[in-house]
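Asks: Each chain, written out:
Protein chains: 2
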Amino acid sequence: MSIRIGIMGYGNLGRGVECAIKQSSDMELKAIFTRRNPETLKINTEGVSVKSADELENMEDEIDVLIICGGSATDLPGMTPKYVSKYNVIDSFDTHAKIPEHFSNVDNAAKKSGKIGIISCGWDPGMFSLNRLYALSILPDGKDYTFWGKGVSQGHSDAVRRIQGVKDARQYTIPVEESVNAVRSGINPELTTRQKHTRECFVVAEEGADTSAIEEAIKTMPNYFADYDTTVHFISEEEMARDHSGLPHGGSVIYTGKTGMDNKNTNVIEYSLKLDSNPEFTGAVLVAYARAAYKMNKEGISGAKTVFDIAPAYLSQLSGDEIRAHYL
Amino acid sequence: MSIRIGIMGYGNLGRGVECAIKQSSDMELKAIFTRRNPETLKINTEGVSVKSADELENMEDEIDVLIICGGSATDLPGMTPKYVSKYNVIDSFDTHAKIPEHFSNVDNAAKKSGKIGIISCGWDPGMFSLNRLYALSILPDGKDYTFWGKGVSQGHSDAVRRIQGVKDARQYTIPVEESVNAVRSGINPELTTRQKHTRECFVVAEEGADTSAIEEAIKTMPNYFADYDTTVHFISEEEMARDHSGLPHGGSVIYTGKTGMDNKNTNVIEYSLKLDSNPEFTGAVLVAYARAAYKMNKEGISGAKTVFDIAPAYLSQLSGDEIRAHYL
Numbered sequence: 000m001s002i003r004i005g006i007m008g009y010g011n012l013g014r015g016v017e018c019a020i021k022q023s024s025d026m027e028l029k030a031i032f033t034r035r036n037p038e039t040l041k042i043n044t045e046g047v048s049v050k051s052a053d054e055l056e057n058m059e060d061e062i063d064v065l066i067i068c069g070g071s072a073t074d075l076p077g078m079t080p081k082y083v084s085k086y087n088v089i090d091s092f093d094t095h096a097k098i099p100e101h102f103s104n105v106d107n108a109a110k111k112s113g114k115i116g117i118i119s120c121g122w123d124p125g126m127f128s129l130n131r132l133y134a135l136s137i138l139p140d141g142k143d144y145t146f147w148g149k150g151v152s153q154g155h156s157d158a159v160r161r162i163q164g165v166k167d168a169r170q171y172t173i174p175v176e177e178s179v180n181a182v183r184s185g186i187n188p189e190l191t192t193r194q195k196h197t198r199e200c201f202v203v204a205e206e207g208a209d210t211s212a213i214e215e216a217i218k219t220m221p222n223y224f225a226d227y228d229t230t231v232h233f234i235s236e237e238e239m240a241r242d243h244s245g246l247p248h249g250g251s252v253i254y255t256g257k258t259g260m261d262n263k264n265t266n267v268i269e270y271s272l273k274l275d276s277n278p279e280f281t282g283a284v285l286v287a288y289a290r291a292a293y294k295m296n297k298e299g300i301s302g303a304k305t306v307f308d309i310a311p312a313y314l315s316q317l318s319g320d321e322i323r324a325h326y327l
Numbered sequence: 000m001s002i003r004i005g006i007m008g009y010g011n012l013g014r015g016v017e018c019a020i021k022q023s024s025d026m027e028l029k030a031i032f033t034r035r036n037p038e039t040l041k042i043n044t045e046g047v048s049v050k051s052a053d054e055l056e057n058m059e060d061e062i063d064v065l066i067i068c069g070g071s072a073t074d075l076p077g078m079t080p081k082y083v084s085k086y087n088v089i090d091s092f093d094t095h096a097k098i099p100e101h102f103s104n105v106d107n108a109a110k111k112s113g114k115i116g117i118i119s120c121g122w123d124p125g126m127f128s129l130n131r132l133y134a135l136s137i138l139p140d141g142k143d144y145t146f147w148g149k150g151v152s153q154g155h156s157d158a159v160r161r162i163q164g165v166k167d168a169r170q171y172t173i174p175v176e177e178s179v180n181a182v183r184s185g186i187n188p189e190l191t192t193r194q195k196h197t198r199e200c201f202v203v204a205e206e207g208a209d210t211s212a213i214e215e216a217i218k219t220m221p222n223y224f225a226d227y228d229t230t231v232h233f234i235s236e237e238e239m240a241r242d243h244s245g246l247p248h249g250g251s252v253i254y255t256g257k258t259g260m261d262n263k264n265t266n267v268i269e270y271s272l273k274l275d276s277n278p279e280f281t282g283a284v285l286v287a288y289a290r291a292a293y294k295m296n297k298e299g300i301s302g303a304k305t306v307f308d309i310a311p312a313y314l315s316q317l318s319g320d321e322i323r324a325h326y327l
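Protein chains in written order, with numbering that gives the first Met the number 0: chain A, 0 to 327; chain B, 0 to 327.
If you're looking for bench data, these hints aren't it; they were derived computationally from the structure.
Since the structure is predicted, the reported quantities are computational estimates derived from the model, not experimental observations.
Where is the CB? At the ideal position from N, CA and C, for every residue including glycine.
Some clues are possibly wrong.
[Said to hold, decoys possible] One side only, chain B facing chain A, incomplete, derived with CB under 10 Å:
#1 95
#2 125
#3 133
#4 139
#5 256
#6 265
#7 283
#8 309
#9 316
#10 319
#11 322
Bound-form chain A, shown alone:
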């Protein structure tokens, strides 16, 4: 029998999850839930129903795992604890400072309902976190570095779009190549924010807008741009559509640790991603962990979990015998 999946929220991430389910022969997309009018939603999978989020009140018998594709700022803090009281759920909560609080809220609700709630899943937090932890656990005398990009940061793109006179914008985060190479060499350099990443913005200005004022507003924006070397390019709507419609991303976690009786040997571990589609890859990670949530809950496990708490075998469609024979 297939694992029956529900998707709550149908933006870029929801569509990425939808694609990943299509590639998972052990799963069935049961329904997509939305807070919009369901009739206005056009989805990519034929024969799957679109329902109002309200219907999640009564679908416990039809959904094995609900994948919540909402935003971390306002959606997930409420949604994940709410839905885990009825369903095994999974989210991609990424507000680092609030993870302990979110974990605790989900854990309380999940323990009451006997369900599993996996939080903060994706690639960062997610696969990058895993690689930081594996490396630190193996080589305790070491240091980790995370570089993001080259890729589109949706938060930074949104921040630029909010500037007066900006019609559309796309922001790329770019790791500084020489810093990445310094880290890779194992010398553990001290790097400032500016030394790690640069930012590149492509902006479509409103007709008659003051482009130098826009450029100044971007480059001096606190938190988002002020601490970085930023370049701004003004382009046409056509160029934006032609050259910047994708959502590529990626990055690396690089960890350098010492070994030996006198700590003289250097060992470098690097995990890197080069993604044509950030939301499709994130969706694929969520779907693999949805499989884990299903299997673990079948074994009677409940409560809040993160990628740290989940044995890798739970993610696989294959049996233990098969993965030992072919992948060990």
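Starting from the known structure of chain A, fit chain B onto it as the hints suggest.
Replies: This is chain B only, laid out in the frame that chain A set:
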């Protein structure tokens, strides 16, 4: 209280484990066991006793986890099932074809004794296996490649040393750069054995030996060299000691998978290691998994396990709260 570790076998790997325990503040090296005369063994940690392997008959109350540092061909198939009948154990069994049989033997003995036996731990099998499984589980429509090196292959070095007229030898396995780059680009090339790796041998010949016969014997050796482009350098004993005394190694697992409703997007995951010391890194992996064996057995878990069965949090010295707050 510290986790009390025993090391069975004191070759390169045993010494690597010894170094890693020194870096683990939650562990204590209780004793090193050997089949040699214990009095002849000089170890690197002061105050630790060296004992005959026979004494493992009666040390159940003093050792929490026994790390078995033996060879896969003849030592581990007998040792791991034997010792798991009294101890939580861990080994680095790497004869791929015999893993299912070894797993089953260890599992039977471990279930009887209520202990845990982690098999096939290290970096390959081990961390590379994990990365193959994570990638495959996330991106089922994909393909994995493993490259080894540049590094010293001890098995191949030994094979060269067995040739008549060879006094000493060191063999380096080297990935073919253009093949690695082709894989990284995401095109999923078909690669022959010869296209993936080359082999480079440094040989000290006996005085008066026929070096061209040695070179011919190396290059045509079935399984080890015949399918590769191999270069052979004859060097002096002094050069061997000066330039080839280390045991560096490393490599990469590269996985390319497609996403999207029409499978058009390419996503590349790469995990790579660059190790100054192969046995010290392998030892460090074993020690992290020894911590996991201890914690899991405390929770009442028993039986044979591999890296696939172990949630990453078990490897860490830190609490769940700490890793969520700082590494997620």
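Asks: Regarding the hint that residue 95/B lies at the interface with chain A, is the smallest CB-CB distance below 10 Å?
Replies: holds, 7 Å
Asks: Holds or violated: is the Cβ of residue 125/B closer than 10 Å to a Cβ in chain A?
Replies: Hint on residue 125/B: holds, closest Cβ of chain A at ~9 Å, below 10 Å.
Asks: Does the nearest C-beta of chain A fall within a distance shorter than 10 Å of the C-beta of residue 322/B?
Replies: holds, 6 Å
Asks: Hold the hint about residue 316/B up to the distance rule: shortest CB distance to chain A must be less than 10 Å.
Replies: Nearest chain A Cβ about 7 Å off; hint holds.
Asks: Does the CB of residue 133/B sit less than 10 Å away from some CB of chain A?
Replies: holds, 6 Å
Asks: Let me know if the C-beta of residue 256/B comes in closer than 10 Å to any C-beta of chain A, holds or violated.
Replies: holds, 8 Å
Asks: Regarding the hint that residue 265/B lies at the interface with chain A, is the smallest CB-CB distance below 10 Å?
Replies: holds, 5 Å
Asks: Would the hint on residue 283/B stand, with a C-beta cut-off of 10 Å toward chain A?
Replies: holds, 5 Å
Asks: Is the interface hint satisfied for residue 319/B? The criterion is a beta-carbon contact with chain A at less than 10 Å.
Replies: Since chain A brings a Cβ to about 7 Å from residue 319/B, closer than 10 Å, the hint holds.
Asks: If you take the shortest Cβ to Cβ gap from residue 309/B to chain A, is it below 10 Å?
Replies: holds, 6 Å
Asks: Could you check if residue 139/B really has its C-beta closer than 10 Å to a C-beta on chain A?
Replies: holds, 5 Å
Of the hints listed earlier, there is not a single one the structure fails to meet.
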